[in-house]
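K.L.:
Listed below are the residues making up each chain.
There are 6 protein chains.
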Amino acid sequence: MPRPVTLFTGQWADLPLEVLAEKVAGWGFDGLELACWGDHFEVDKALEDDGYVAARRELLDAHGLSCAAISTHLVGQCVCDPIDERHKDILPERIWGDGDPEGVRRRAAQEVIDTGRAAKLFGVDIVNGFTGSSVWSKLYFFPPTTQADIDAGYEDFAARWTPIMDDFAEYGVRFGLEVHPTEIAYDIYTARRALDAIDNHPSFGFNFDPSHLVHQFVEPAAFVDEFADRIFHVHVKDARVQLDGRSSILSSHLDFGDPRRGWDFVSPGRGDVEWDPIIRALNRAGYHGPLSIEWEDSGMDREWGTQEALELVRSNDFAPSGVAFDAAFGDGE
Amino acid sequence: MPRPVTLFTGQWADLPLEVLAEKVAGWGFDGLELACWGDHFEVDKALEDDGYVAARRELLDAHGLSCAAISTHLVGQCVCDPIDERHKDILPERIWGDGDPEGVRRRAAQEVIDTGRAAKLFGVDIVNGFTGSSVWSKLYFFPPTTQADIDAGYEDFAARWTPIMDDFAEYGVRFGLEVHPTEIAYDIYTARRALDAIDNHPSFGFNFDPSHLVHQFVEPAAFVDEFADRIFHVHVKDARVQLDGRSSILSSHLDFGDPRRGWDFVSPGRGDVEWDPIIRALNRAGYHGPLSIEWEDSGMDREWGTQEALELVRSNDFAPSGVAFDAAFGDGE
Amino acid sequence: MPRPVTLFTGQWADLPLEVLAEKVAGWGFDGLELACWGDHFEVDKALEDDGYVAARRELLDAHGLSCAAISTHLVGQCVCDPIDERHKDILPERIWGDGDPEGVRRRAAQEVIDTGRAAKLFGVDIVNGFTGSSVWSKLYFFPPTTQADIDAGYEDFAARWTPIMDDFAEYGVRFGLEVHPTEIAYDIYTARRALDAIDNHPSFGFNFDPSHLVHQFVEPAAFVDEFADRIFHVHVKDARVQLDGRSSILSSHLDFGDPRRGWDFVSPGRGDVEWDPIIRALNRAGYHGPLSIEWEDSGMDREWGTQEALELVRSNDFAPSGVAFDAAFGDGE
Amino acid sequence: MPRPVTLFTGQWADLPLEVLAEKVAGWGFDGLELACWGDHFEVDKALEDDGYVAARRELLDAHGLSCAAISTHLVGQCVCDPIDERHKDILPERIWGDGDPEGVRRRAAQEVIDTGRAAKLFGVDIVNGFTGSSVWSKLYFFPPTTQADIDAGYEDFAARWTPIMDDFAEYGVRFGLEVHPTEIAYDIYTARRALDAIDNHPSFGFNFDPSHLVHQFVEPAAFVDEFADRIFHVHVKDARVQLDGRSSILSSHLDFGDPRRGWDFVSPGRGDVEWDPIIRALNRAGYHGPLSIEWEDSGMDREWGTQEALELVRSNDFAPSGVAFDAAFGDGE
Amino acid sequence: MPRPVTLFTGQWADLPLEVLAEKVAGWGFDGLELACWGDHFEVDKALEDDGYVAARRELLDAHGLSCAAISTHLVGQCVCDPIDERHKDILPERIWGDGDPEGVRRRAAQEVIDTGRAAKLFGVDIVNGFTGSSVWSKLYFFPPTTQADIDAGYEDFAARWTPIMDDFAEYGVRFGLEVHPTEIAYDIYTARRALDAIDNHPSFGFNFDPSHLVHQFVEPAAFVDEFADRIFHVHVKDARVQLDGRSSILSSHLDFGDPRRGWDFVSPGRGDVEWDPIIRALNRAGYHGPLSIEWEDSGMDREWGTQEALELVRSNDFAPSGVAFDAAFGDGE
Amino acid sequence: MPRPVTLFTGQWADLPLEVLAEKVAGWGFDGLELACWGDHFEVDKALEDDGYVAARRELLDAHGLSCAAISTHLVGQCVCDPIDERHKDILPERIWGDGDPEGVRRRAAQEVIDTGRAAKLFGVDIVNGFTGSSVWSKLYFFPPTTQADIDAGYEDFAARWTPIMDDFAEYGVRFGLEVHPTEIAYDIYTARRALDAIDNHPSFGFNFDPSHLVHQFVEPAAFVDEFADRIFHVHVKDARVQLDGRSSILSSHLDFGDPRRGWDFVSPGRGDVEWDPIIRALNRAGYHGPLSIEWEDSGMDREWGTQEALELVRSNDFAPSGVAFDAAFGDGE
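Listed in order, the protein sequences are those of chains H, A, P, L, F and B. Numbering follows this note's numbering, with no gaps: position 150 of the first sequence is 150. Numbering follows this note's numbering, with no gaps: position 89 of the second sequence is 1089. Numbering follows this note's numbering, with no gaps: position 159 of the third sequence is 2159. Numbering follows this note's numbering, with no gaps: position 145 of the fourth sequence is 3145. Numbering follows this note's numbering, with no gaps: position 88 of the fifth sequence is 4088. Numbering follows this note's numbering, with no gaps: position 310 of the sixth sequence is 5310.
No wet-lab data here; the hints were simulated from the structure. One thing to keep in mind: the hints can contain errors.
SDA-like mimics (lysine to any residue), calculated; alpha carbons at most 25 Å apart, straight line [said to hold, decoys possible]: (1) A:Lys1138 to F:Gly4245; (2) H:Lys138 to L:Pro3259; (3) A:Lys1088 to F:Gln4147; (4) L:Lys3088 to H:Ser137; (5) F:Lys4138 to A:Gly1099; (6) F:Lys4088 to A:Ala1152; (7) A:Lys1138 to F:Ala4158; (8) H:Lys88 to L:Tyr3140; (9) P:Lys2138 to B:Asp5151; (10) P:Lys2138 to B:Glu5093; (11) L:Lys3023 to L:His3063; (12) B:Lys5088 to L:Gly3322; (13) B:Lys5088 to P:Asp2084; (14) L:Lys3138 to H:Ser137; (15) H:Lys88 to L:Asp3084; (16) L:Lys3138 to H:Ala152; (17) F:Lys4138 to A:Ala1152; (18) F:Lys4138 to A:Leu1254; (19) F:Lys4138 to A:Asp1084; (20) P:Lys2138 to B:Lys5088; (21) B:Lys5138 to P:Pro2082; (22) P:Lys2138 to L:Gly3322; (23) L:Lys3138 to H:Gly153; (24) F:Lys4023 to B:Phe5318; (25) A:Lys1088 to F:Tyr4140; (26) H:Lys138 to L:Asp3244; (27) A:Lys1138 to F:Ser4134; (28) F:Lys4088 to A:Ala1148; (29) H:Lys138 to L:Asp3100; (30) H:Lys138 to L:Asp3258; (31) L:Lys3138 to H:Gly245; (32) A:Lys1138 to F:Pro4259; (33) A:Lys1088 to F:Thr4146.
All chains should be built: construct the whole structure from the sequences, respecting the hints.
P.N.:
Shown next, in the form of structure tokens:
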């Protein structure tokens, strides 16, 4: 029984959902993971307008598309981040408000809670997103940074997210952090530290996305094995290390898509992510949810690439085996 | 003229041949390599029952399936092995008998001879299988092991298999040893030693299977080039080295399918075997026989994988070229 | 808008163009890059016979095939080379004449000019080819070779090719040197030196072919980036390094196709050329011309391989993106 | 004529200079690169107290130690950085003052100017150090970061450092930025961008330290070749990438010395820095200044390691050749 | 405080201890790890003859040599092994007796107990050695082998070694198993399984020897980190993987020293063992015991090599650091 | 018994032998391999002047230096080469004469014969050198080159060198071809072809020099194993591949020493040659002659480097072992 293949709509926010849904259904997708930006899934409307979620659902149904998760990366980012002008561009005005950092963070936290509530109304029990981090920028440890400095960041995270997760628990909704540089967790050790900080809150887990691990040289399947029971959702996205002796893995303050960068995102199948070991790890973990393509490649036409990616997923989503070999071999009679 | 693609039935012994043949024909295979266990090809019935081989042939014909080889790995294993309880599980009762090791080995040797005779009746001139080995377990050379100790093992092999090969020669049937750890030959040097021991008996050659070589880091195409005139049959099977600094290439007494192993079998195309150089080597060797998929992957649904493997073989089984390039280029007028 | 995929006819000179065109059209190609040998594109007839080019064009049109370039590798080679008996085999008698080296070189130079003129008549503005080199054979620098010795070779090249390029400029035709060992340019540094020598003549650029770079361990995409505005045409051809500790990258005076060579040409997709970075580089360079398959593999049936190659190109020729990601992500409202 | 080998005193600030000088001279060093912290080189005293620099010089002379550079990494860091509590720990109280960020930055800038002046008094014409950066923390480009955001950081750097460099020029002193993550330049591309921003100010160059490049996978010798005329000083320091599939190149918020980090500093010769190509590049660049060991290894006794490092440098600091080989070979008579 | 460097005498059993001790002291070693074969340390004499251990100790003292461990690899091997003729060659007659396997195993077990007692008399609290294994030869898992089969082997090990370890505990002596193919533990996972089987008996730990891990591609430092409190003793020995496409990692039934093997033992420093990470791991583990060179290289003069190895160890046995760097850097005042 | 370490004087022809001998003896060398250019060993004088060889020998004796081989690379090169102006620079006038190619080749051949005679007079039985090749420049096989073309080159070599070797045999002197690009043999396969061509003449063998193999990616130890009985002399020289994606292994018509080349010669120990496997192979081959340092590194002071190289050789020239390990281990009683 193959997993549903969905498209994360975050990179298609320039298209109205109606347009996008028709395209995506035509390409053969099973569903969508709706972004809470553009007009794809509007939390305020979902909570205010009685007919909104039903209409959204009808639109999807009309194209035979399921929806198993909604995503709140942009607002989530603002819950723990030191706030600067860049955050203004990723927030609705009602959350940015006067831009006072602590106020922004609190309004963002409330919006994430509301997103959980809206998800429940919509019949979806996974919300994916970012958390932000007050200590990400201290990653190099110079000026000298102590573990106490870092611990403070994890405590801040726990203080802000535990109440959110409590509300989520109440709604029966879970939150999948997309482990990612700039977030409170960006690899295996920081993911463990985040879980410890939040006391392994049952509502808190991961939206596994290998593209953020391979450029750090972390083995994605090891992440799945380590957190098997916390894999709440899966992104299919790819990245490629393109070091040549002059490029830097820290990317030299160059834009995505600049060929001088040491790594970049590429269309699934064209990067360093090996999907076979990931599928095996997901099978071991008992993950049966969607494989959700998050398509991002600054050097390729997105419609061409998205269709290629769908084909890739279909040809790799194999079920595990029940047979023990060489044992079957031993069937002497 | 592409080679026939067959399926080795050894890993499907839980299915009656009738069921299996229908499936396999439906997937587009050209034929089967029948295992002499399960109900696929029963040597005793073939020799005792006048109609058996004709019925087997009819069953295959009904599905448009050919058969170019039968396989006797389990019985063959018992010809040279030190016998222990594990062998009981891979033998019919009539061969195990009272389990006295030398008796088991002799009955197994006779059964291999009978298998050659049955093959001939069935119209097949290749029998694939294992040989067992009295010295395999001495591979590490500690406690201190001398070349005399090893030579004794090869002499034992020659003493037991020469008579079998003589009978095969009489039937016009050849035996293809699947070079494999636990056998008298498991790599290039031991294959040469086995051939030397048996005095290059014309009936004795190899069922080439690259999956047993790649985890030893032996280059499969080099094996084909080395023994070009002894490649009697070919298995399409794959294996993957999955070392991570903690896993061992000796596999830590862990079951196939355990992700902590240093290597494992995987579905063809998903492992370390490179098929292109093998096809070129087979072309150089003039091998025109079947490419027989032996499907074994503890982490994948076997029906899904077998069909993928068939597609892999079809897209790699290219014919050699008669054109000499750059020479053709020189066609100045 | 995908690029046209064409077949370079040089390796098919044993087939009359009529036969070849029918085959190629049947396989789904968009066009042909005609070789000036065999009967594919005959420069002398094109210039002498009023109806020749029209007939050639009709033949192509009848099969729905375009032609964007013609190729004069063999004659071009003789413009700068020290001439020996091997050149006789690649030249028409009228150019070889009495075989006096300087005479051969001059007649070859004139033929290249004529080829440019014929191209223009045929409505094609790219002529691909080789240049030969008087210094290629000095590549190892022993006996001791000075930069003055090498400079003399580049001056000889400039002296012989500048007049040809001037005439090409007049016709509005450009020449694409296929950078290749044995030519005046065979890698990035020699290509730069050749351009410098010929004073960056606007008619002189490159027929980019990565197969000649990968066995030198030159990164093909770096070549495209370096000479972005000089990529006049593109060959899709592949090569594979097959070093094993005994083979030499200098190929041991062994024929193409000999498995003991340290590298060899192989069918596109089966070698060391990575097409994805090349397509990205071509996209950056704004190259919209044909992707022309030059098919050469001494170990594979050419018809089988050519069709596989076409499929490879189709599945890799993606358009660039106009979207800036993570920016689109920032579309907060 | 080998280069002087000096020890950078920054990691020995716990020892009074007198104690350190005696040790270092005993180990066989040629000189010291004095840190402007601890009691090694106190800028305020140098400017206020007439006898200070003479006494410092006498102390060095007494041990036969030269000094070619002083270093102001800590204060320099505060010139462009966003200031937080961590900066308080690396600054004298008189610079920290009330901790108002802009005030701290301005006082730090003035201190760097004063350091240049003190260097001149001390007879040293190289000041090494850090610059800080207002944009380092934006390295990942999420939340979406534009080139305009980054440009602003480089403009800020130019605005703050141009006046400092102007004063340095007046004193005849040059500033060597140690290219390093957390600084305005941390690799080749950002070093170029910094030079462009500051209009290639003649007083601004680099204190080349390969240990900060290898964990970014930047080839150190390429840096030297790129900025040959801007290599003002050289650090001998080493780092090792220790990826294992679970560790991250971004180091997981773990302390230096934690074996789970993806990379760490190690004693020279025990890491990924290859000294031979660097010495060749320095020879090509005509750099004749000190090779200054900056010793940092959280897993090794520093006195043991420093002596090993000195031996490493001595055995690698070879002079270039004037002989052209194979040419000398050609001396036939 | 560097660790003592000792020589394991096992490969020098052809020399009387007196001769060997003089040599070894002359080379500058600190001590010996005495083998219980040759005349080096004779367990029966130690227990029977009151003056034996004192005389042995005097002999060592006379050369200024310490002894921190004795080794009983050969007898230990026979405790769990299936016994064959090869074991006769490694045992004293009194233990071999009539060669009945179970009798041999029991007498060997008693001899190990006696060795512990003799060690105590000699004033040594570490006995190193092998355990043998009843399941090693089942490593490939064909004929089909179940985890129950393997479990039986570990139970057999526990049954035979628990009483030995109980006696050792009484004597205050610990046993260091040299993890090694052919033993109950040969890598990280089997070492864990052995510890589990023997219920983490406090007398049972490891004689860490990286040469047996690198040819399995197990990272030696990971072993030390995993079993930090069970590293009772350390061997300095090296091995090299020498794969070339024809050689097998399983070594093809070829003698040590045969260049066709896929791996072999080589003199320390000439193989794949990296000593720097091991020293760091031993420092982390708090191991302060001897670094005992076990010298074995079939291609090198042993006296030449042993002296080179001693120099290698001396130049790598560094102490850990107490300093936290970049923190020291932060000493702003 | 270590091998003598000698210095090949070819790269020191600018120094009179007297000066050089004093230097080299002072550095601790055992002897010299004299070049037949500069004033080191003058063949004409040796044959004409009765006292010449005695005086040369006295000069060496005075410095305690042996001489086991003389070298005639430059003249040897001209025996088979197509002759051009570059050869004039490497030949004495009396051999160049009027420069007519065939005349040059014949006079060069006679000079090699004379060199053998002079060697005998001097008491040396090895002459090293080059052979030249009429087909080297055809290495790429374009224009299309047939095996017949290449065969002609080997026949030319045999025709020219067989008479020379016959004379050598008479003198009891052997010729060691330094396998090298530009020669009739430049790798394993061409060395075999040369031996076949010259009918395995007993006087013809090799001056093994790994530096010419590693940049071709040929494993030097494999060469020694292949031609064990033809290793007449050994050069210690090193080369380094320095590919970076832009450089070419064919070296781009760039001078030695240019950092843009894909490979270059470097001081022994600083390149890709691994000496340990070579010493083992020489030990297997029973080679007891000199290890002769041919020092060439365009980026290093030659006196500094030569002394480092001597130390490298001394620390690697180990004798083989007579002991069979694990067997010694088995000394149970």
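K.L.:
For each hint, tell me whether it holds in the structure or not.
P.N.:
Results for each hint:
1. Note on Lys1138 (chain A) and Gly4245 (chain F): the hinted pairing holds, with a Cα-Cα distance of about 23 Å set against a maximum of 25 Å.
2. A threshold of 25 Å between alpha carbons decides the hint, and for Lys138 (chain H) with Pro3259 (chain L) the separation of about 19 Å falls inside it, so the pair holds.
3. With a C-alpha separation of about 17 Å, the suggested pair Lys1088 (chain A) and Gln4147 (chain F) falls inside the 25 Å cut-off, and the hint holds.
4. This hinted pair checks out: Lys3088 (chain L) and Ser137 (chain H) have alpha carbons roughly 17 Å apart, not beyond 25 Å.
5. The hinted pair formed by Lys4138 (chain F) and Gly1099 (chain A) meets the criterion: a straight-line CA distance of about 19 Å does not exceed 25 Å.
6. Note on Lys4088 (chain F) and Ala1152 (chain A): the hinted pairing holds, with a Cα-Cα distance of about 18 Å set against a maximum of 25 Å.
7. For the suggested pair Lys1138 (chain A) and Ala4158 (chain F), the alpha carbons sit about 24 Å apart, so the restraint of at most 25 Å is met.
8. Of the supplied pair hints, the one linking Lys88 (chain H) and Tyr3140 (chain L) holds, its CA atoms being roughly 18 Å apart against a limit of 25 Å.
9. Under the criterion of a C-alpha separation no larger than 25 Å, the hint pairing Lys2138 (chain P) with Asp5151 (chain B) is consistent with the structure, at around 22 Å.
10. Restraint check for Lys2138 (chain P) and Glu5093 (chain B): the C-alpha separation of about 23 Å stays at or below 25 Å, so the hint holds.
11. Taking the CA atoms of Lys3023 (chain L) and His3063 (chain L), the gap is about 9 Å. The hint holds against a cut of 25 Å.
12. For the proposed pair Lys5088 (chain B) and Gly3322 (chain L), the alpha carbon gap of about 24 Å is at most 25 Å, so the pair holds.
13. The suggested pairing of Lys5088 (chain B) with Asp2084 (chain P) holds, with an alpha-carbon distance near 23 Å, which does not exceed 25 Å.
14. With a C-alpha separation of about 8 Å, the suggested pair Lys3138 (chain L) and Ser137 (chain H) falls inside the 25 Å cut-off, and the hint holds.
15. For the suggested pair Lys88 (chain H) and Asp3084 (chain L), the alpha carbons sit about 23 Å apart, so the restraint of at most 25 Å is met.
16. Among the hinted pairs, Lys3138 (chain L) with Ala152 (chain H) is consistent with the structure: their alpha-carbon atoms are about 21 Å apart, no more than 25 Å.
17. A distance of roughly 21 Å separates the Cα atoms of Lys4138 (chain F) and Ala1152 (chain A); the hinted pair therefore holds under the 25 Å criterion.
18. The straight-line distance between the Cα atoms of Lys4138 (chain F) and Leu1254 (chain A) is roughly 11 Å, inside the 25 Å bound, and the hint therefore holds.
19. Annotation: proposed proximity of Lys4138 (chain F) to Asp1084 (chain A) holds, straight-line Cα distance about 11 Å (limit 25 Å).
20. Under the criterion of a C-alpha separation no larger than 25 Å, the hint pairing Lys2138 (chain P) with Lys5088 (chain B) is consistent with the structure, at around 15 Å.
21. At most 25 Å may separate the alpha-carbon atoms for a hinted pair to count; Lys5138 (chain B) and Pro2082 (chain P) meet this at roughly 12 Å.
22. For the hint pairing Lys2138 (chain P) with Gly3322 (chain L), the CA-to-CA distance comes to about 24 Å; that is within 25 Å, so the pair holds.
23. At most 25 Å may separate the alpha-carbon atoms for a hinted pair to count; Lys3138 (chain L) and Gly153 (chain H) meet this at roughly 18 Å.
24. Between Lys4023 (chain F) and Phe5318 (chain B) the alpha-carbon distance is near 19 Å, which keeps this suggested pair within the 25 Å criterion.
25. As the CA atoms of Lys1088 (chain A) and Tyr4140 (chain F) are separated by approximately 18 Å, the hinted pair is consistent with the 25 Å bound.
26. Proximity of Lys138 (chain H) to Asp3244 (chain L) is assessed by CA-CA distance (about 23 Å); at most 25 Å being required, the pair is judged to hold.
27. Between Lys1138 (chain A) and Ser4134 (chain F), the direct Cα distance comes to roughly 13 Å. Compliance with the 25 Å bound is thereby established for this hinted pair.
28. At roughly 16 Å between alpha-carbon atoms, Lys4088 (chain F) and Ala1148 (chain A) fall within 25 Å of each other, so this suggested pair holds.
29. Distance restraint check for Lys138 (chain H) and Asp3100 (chain L): the Cα-Cα separation of roughly 20 Å lies within the 25 Å cut-off, and the hinted pair is therefore satisfied.
30. For the given pair, Lys138 (chain H) sits about 16 Å from Asp3258 (chain L) by alpha-carbon distance, which is consistent with the 25 Å threshold.
31. Between Lys3138 (chain L) and Gly245 (chain H) the CA atoms are separated by roughly 23 Å; this keeps the pair inside 25 Å, and the hint holds.
32. Distance check on the hinted pair: Lys1138 (chain A) and Pro4259 (chain F) sit about 19 Å apart at the alpha-carbon level, within 25 Å; holds.
33. Simply put, Lys1088 (chain A) and Thr4146 (chain F) have alpha-carbon atoms about 13 Å apart, close enough for the 25 Å limit, and the pair holds.
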